[in-house]
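Asker: Chains U and G supply the protein sequences, listed in that same order. Quick note: the first sequence, position 17, residue 17 per UniProt numbering, numbers continuous. Quick note: the second sequence, position 164, residue 164 per UniProt numbering, numbers continuous.
Simulated from the structure, these hints should not be mistaken for laboratory data. Take the hints with a grain of salt, since some may be wrong.
Claimed, not checked - Each pair of labels, with its calculated beta carbon distance range:
(1) U:LEU104 - G:VAL16: 23 to 29 Å
(2) U:LYS51 - G:GLU156: 41 to 47 Å
(3) G:VAL9 - U:THR70: 31 to 37 Å
(4) G:GLY100 - U:ALA98: 54 to 60 Å
As the list claims (entries may be wrong) - Chain U side only, calculated, beta carbon under 10 Å to chain G, not exhaustive:
(5) PHE47
(6) ALA115
(7) LEU118
(8) TYR131
(9) GLN135
All C-beta atoms in this analysis are idealised placements derived from N, C-alpha and C, irrespective of residue type, glycine included.
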Amino acid sequence: MSAQPAVDPRGPRFAAIVTTVVLVVVLATGWWPLLAAQTVVFAIGAFVGLKPAPYSVLYRLLVAPRLQPTDEREDAAPLRFAQVVGFAFALVGTIGYAFGVTALGIVATALALFAAFLNAAFGFCLGCEMYLLLQRLSPRAGSAS
Amino acid sequence: MTGLIVAGVTIVAAVVVGLVVRSRNGRIRRSGGGTVAGSAPDGARPDGGSADGGALAGLPADVRDALAEEPADVTLVQLSTTFCAPCRHARALLTHIAEGADGLRHVDLDVTDKPGIARDLGVLRTPTTIAYARSGAELLRVSGVPKREELLTALEPRLAGAERPATEPPDGGRPTE
Chain U
1 MSAQPAVDPR
11 GPRFAAIVTT
21 VVLVVVLATG
31 WWPLLAAQTV
41 VFAIGAFVGL
51 KPAPYSVLYR
61 LLVAPRLQPT
71 DEREDAAPLR
81 FAQVVGFAFA
91 LVGTIGYAFG
101 VTALGIVATA
111 LALFAAFLNA
121 AFGFCLGCEM
131 YLLLQRLSPR
141 AGSAS
Chain G
1 MTGLIVAGVT
11 IVAAVVVGLV
21 VRSRNGRIRR
31 SGGGTVAGSA
41 PDGARPDGGS
51 ADGGALAGLP
61 ADVRDALAEE
71 PADVTLVQLS
81 TTFCAPCRHA
91 RALLTHIAEG
101 ADGLRHVDLD
111 VTDKPGIARD
121 LGVLRTPTTI
131 AYARSGAELL
141 RVSGVPKREE
151 LLTALEPRLA
161 GAERPATEPP
171 DGGRPTE
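Full structure from sequences and hints, please.
Answerer: Here you go:
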């Protein structure tokens, strides 16, 4: 996950807005195939790359042509990491809904929505800034400095 | 229906958290660590006297090394991770500030693979910037991207105060370990 091309920061912001809407719809309807689709979207952004990620493509086709070009660039690594976090929540949520554990589906989706909304509304990437905290909670955090 | 309520509650919670985080971004928190309380406005004890050696010894090794490698009146130690976009903005800003101020130095520590440092320092979020006096005493810390003017104002007494009387600690040479 190094030496990746920098990206137009408005692309991920747009993606976060779409993600927020999708997750609200999932919660409202409980229609889990949509969450499964969102999981795939996260997976592409996380494990393949930001460029082929569906919402980035959407941004480039529909939104970017209407905006002023910007010189502002953002490094891709934090954004990829955010997609990994989203993927984890969405995957758990999909499994929850699909196997009838609706409460699990709702909670996991709500957590993903929480992070996506913070990103969309405040430009705040929860997973990125809390990376240290997440790492500390994970089992291998015991390693000495 | 439950889902819709959960969605609403989640968004309200996210708004609250977002506003809190935004208001805390860049805000300076003075460190209560005994020796520097009140940030010595009179400049009487530029380096907090009492606990000189103790303050340094209590720091994680990487931070101690960073401070020792090129001692300055105030060293801004920034904790960053690879996955943190604002860390880049903070780094650019602090590098610029440090270049323009005498006695001020900036070090960016990547702690992506060193959670121990963050744990020892009680840092949960990146970027967090901690200002250390020459003695290793912690002066203040800032979460998020610091605000240039506020940070400079807060550090000014330390920079000016330490410059004036040239009270270098006698062992100010360089602790070679």
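Asker: What are the numbers of the hints that this structure violates, sorted from low to high?
Answerer: When the structure is compared with the hints, only number 5 turns out to be violated.
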